[in-house]
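> Throw the hints in and build the complete structure from the sequences for me.
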Amino acid sequence: MTRYLLDTNIFIQARNLHYGFDFCPAFWEWLIAQNGTGRVASIDKVGDELQAGGDDLSDWANARGAGFFLPPDDPVLPALGQVSSWATSQTYEAAAIATFLQVADYWLVAHALAHGFVVVTHEVPSNSTRKIKIPNACIGLGITCISPYEMLRRERARFVLGPAPRAA
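When you line the sequence shown up against full-length UniProt numbering, it's residues 1 to 168, in that order.
Take the hints with a grain of salt, since some may be wrong.
Said to hold, decoys possible - SDA-like cross-link-like pairs, simulated, lysine to any residue; straight-line CA separation at most 25 Å:
hint: 1; residue 1: Lys45; residue 2: Gly67
hint: 2; residue 1: Lys131; residue 2: Arg153
hint: 3; residue 1: Lys45; residue 2: Ser58
hint: 4; residue 1: Lys45; residue 2: His115
hint: 5; residue 1: Lys45; residue 2: Ile97
hint: 6; residue 1: Lys45; residue 2: Pro72
hint: 7; residue 1: Lys133; residue 2: Gly162
hint: 8; residue 1: Lys131; residue 2: Asp59
hint: 9; residue 1: Lys45; residue 2: Asp59
hint: 10; residue 1: Lys133; residue 2: Gly36
hint: 11; residue 1: Lys131; residue 2: Ile146
hint: 12; residue 1: Lys45; residue 2: Gly162
If you're looking for bench data, these hints aren't it; they were derived computationally from the structure.
What follows is the structure in structure tokens.
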């Protein structure tokens, strides 16, 4: 069974662009259902970033809790060291490394490494030395990294049009 770990930008772009709560609730229901089967999750640091928004997305994230936004466990700790070692052995600027090691991306990659998750992000690889991108870290550490659309296709997600909700 493939398991997916979602980056912060998946939730933000889904809400703001393609899968707004108001017109595509099926996407959010699908995430919850897939989380219930152990296939889709994120990490607590991503949940923290989402909850800081003070909006409907933060309410949604807050309602999911630790079952969706996984806290780090014992296998994540040595993986953090592996990710840090990889980052510092590359040609990134010192500021890029320092920033990466302080944000959720670092923890997301380590959690995926520790538990064999596929990382799902809108980020794309970059040759820039000014910022460590999640896909670059995944490539360097042998972790599969895909777009949300690839995840939805792999999992054969279907958001079928149903009856419109009744007006209040």
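> Against each hint, give a clear statement of whether it holds in the structure.
The hints, checked one at a time:
no.: 1; hint: Lys45 x Gly67; in the structure: holds (13 Å)
no.: 2; hint: Lys131 x Arg153; in the structure: violated (29 Å)
no.: 3; hint: Lys45 x Ser58; in the structure: holds (13 Å)
no.: 4; hint: Lys45 x His115; in the structure: holds (16 Å)
no.: 5; hint: Lys45 x Ile97; in the structure: holds (18 Å)
no.: 6; hint: Lys45 x Pro72; in the structure: holds (9 Å)
no.: 7; hint: Lys133 x Gly162; in the structure: violated (38 Å)
no.: 8; hint: Lys131 x Asp59; in the structure: violated (30 Å)
no.: 9; hint: Lys45 x Asp59; in the structure: holds (16 Å)
no.: 10; hint: Lys133 x Gly36; in the structure: violated (29 Å)
no.: 11; hint: Lys131 x Ile146; in the structure: holds (19 Å)
no.: 12; hint: Lys45 x Gly162; in the structure: violated (35 Å)
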